[in-house]
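Trainee: Hey, can you work out the whole structure from these sequences and the hints?
Protein chains: 2
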Amino acid sequence: MLPIANQHAIISQCAFFHGLTAAEVMLVQQAAVTVQAAPGSFFFQQGEEATALYIVLSGQVRLSQINPEGRQVIVHIFGPGEAMGVIVVLSNMTYPVSAEAMVDSAALAWNRQTINQLMKEIPHLALNGLRLVAQRFMELQERYRELATERVERRIARALIRQMQRGNGRAVPLTRQDLAEMTGTTLYTVSRTCSAWEQAGIVSAGRGLITINDYHRLLVIAEDLPPDHQCPQPATCFYCSPILNCDHFAVKRET
Amino acid sequence: MLPIANQHAIISQCAFFHGLTAAEVMLVQQAAVTVQAAPGSFFFQQGEEATALYIVLSGQVRLSQINPEGRQVIVHIFGPGEAMGVIVVLSNMTYPVSAEAMVDSAALAWNRQTINQLMKEIPHLALNGLRLVAQRFMELQERYRELATERVERRIARALIRQMQRGNGRAVPLTRQDLAEMTGTTLYTVSRTCSAWEQAGIVSAGRGLITINDYHRLLVIAEDLPPDHQCPQPATCFYCSPILNCDHFAVKRET
DNA sequence: CGCATCGTTGATCAAGCTCAAGCCGCGTGG
DNA sequence: CCACGCGGCTTGAGCTTGATCAACGATGCG
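Same order as they appear, the protein sequences are chains Z and P. Per our numbering, the first sequence starts with residue 1, numbered consecutively. Per our numbering, the second sequence starts with residue 256, numbered consecutively.
A couple of the hints might just be wrong.
[As the list claims (entries may be wrong)] In silico EDC-like cross-links for lysine to aspartate or glutamate, where the CA-CA straight-line distance does not exceed 16 Å:
#, chain 1, residue 1, chain 2, residue 2
1, Z, Lys120, P, Glu279
2, P, Lys375, Z, Glu121
3, Z, Lys120, Z, Glu24
4, P, Lys375, P, Glu279
[Unchecked claim] Taking CB as the label site, the calculated pair distances span:
#, chain 1, residue 1, chain 2, residue 2, range
5, Z, Pro123, P, Glu279, 17 to 27 Å
6, Z, Asp224, P, Pro428, 55 to 65 Å
7, P, His471, Z, Gly167, 46 to 56 Å
8, P, Glu304, Z, Glu139, 12 to 22 Å
Read the hints as simulated data drawn from the structure, not as lab findings. Since the structure is predicted, the reported quantities are computational estimates derived from the model, not experimental observations. Glycine included, each C-beta is placed from N, C-alpha and C at the ideal position.
Mentor: This is how it looks when you write it as structure tokens:
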């Protein structure tokens, strides 16, 4: 269980609460319930009535959808500070996806009435919610297009880069299977691709972990740049990825 | 140009204005501008500043995204009564997709300030907007999973069924190319598939038009049902498709 | 130590993409 | 009215990508 002070730090920084006064943040936080989930257990499951909105405090949560034959697709991976279930809880729907903890995770939860009430009292909260949804929607559209038009290797490269950008290092803690379900391919293909990249010195492959050694070359694959591509600002090469407009990413760059 | 009375009929029935009083509908309608678009011209284009929200009055509008190499994907096709740009206009973003008229089309438009103002005055409008977005989001997630896990033939079948359900007959006015861009395949594969289906008597293929003759068998393909599948209510077979929960569809059934 | 999970790699194969060639129907302009 | 061109459609041949199957290797945990 996270200490309260830490909770507060996450809440006050996360996008969903951006622009709220300290008093408002306090109000919202007091209305929340903390929920824990062990690896493999679910915050909610596909098909259940959507009764709560969550904000991840710690851990990683895999949002996935499963088809009748049992093939699974990872729609999104949530980390600390991100909100889950924003859309559905406000529209009296059932969850269209499942939220499964990948590691020990904790989240704050508000039930439907509470969050509706809070949004009425703090209109800014509703606006933030809409922004988050918009962001997620655009990302999903982008990935849909990728899946329809891009080759597997490129999709894997992009997924890796995206995950790296959401984490805070060059290591991406995903299994081959995870990556496969994120990119609509099989674990075999991911494994082969990673092996090839390791041969080429682009990544180091580990058990449930892929470390990016040559971001630039990975980017060349992800964006189909010419092999001899020179970044306009090589010193700050991280800037030049159009993936998920990530201007803020530079601050996370290792020096 | 549509007669005003007709406009009003569309507006008052469409989901975005559901639950509003007549006075409110009037207020909103008066704030709108009518926009026309000839086939091939755009209501807005990918990358432009999102300045307006539209409701289609007549025609068909193709929402598509294009990748740097020029491969295109159709994200959605809008018909009369549907709202375009709900998300983006409220979040100060650029349009992530282009909206192109497939036939002569007209839409009502509100600019950002206006719609924001209206949403403040009529909170119900904001709620409706959120519901629409939620619906679209779920549909996109569903299609994303389809693209990642389902075979081409099944995807085409599902796209056809979906389009038929949104139209009002058994004929779907799409070219092979359109269907290909909707399902992430090529026009060749769509053509072959349609030919095979025509052989089998499932559809009649025409120029820019596909007519569904045997909905039941198409459904068997779309849902991978056993070939000898019997609908629980054969007489009202249209009910039994889980695609895009379409309970309302029965009213459109031809008798 | 044994089991479970995760990963690797080879062989095989089919789905579906690509390219090429040609057809059909329609609208347009001579 | 006809010829022409264009946009849409069809079909075949060949090939590539990436899925599938199978067997085995490594790592870590209880």
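Trainee: Each hint needs a verdict: does it hold in this structure or not?
Mentor: Going through the hints against the structure:
no., hint, verdict
1, Z:Lys120 to P:Glu279, "violated, 21 Å"
2, P:Lys375 to Z:Glu121, "holds, 14 Å"
3, Z:Lys120 to Z:Glu24, "holds, 12 Å"
4, P:Lys375 to P:Glu279, "holds, 12 Å"
5, Z:Pro123 to P:Glu279: 17 to 27 Å, "holds, 19 Å"
6, Z:Asp224 to P:Pro428: 55 to 65 Å, "violated, 35 Å"
7, P:His471 to Z:Gly167: 46 to 56 Å, "holds, 49 Å"
8, P:Glu304 to Z:Glu139: 12 to 22 Å, "holds, 19 Å"
The earlier numbered hints that this structure contradicts are 1, 6.
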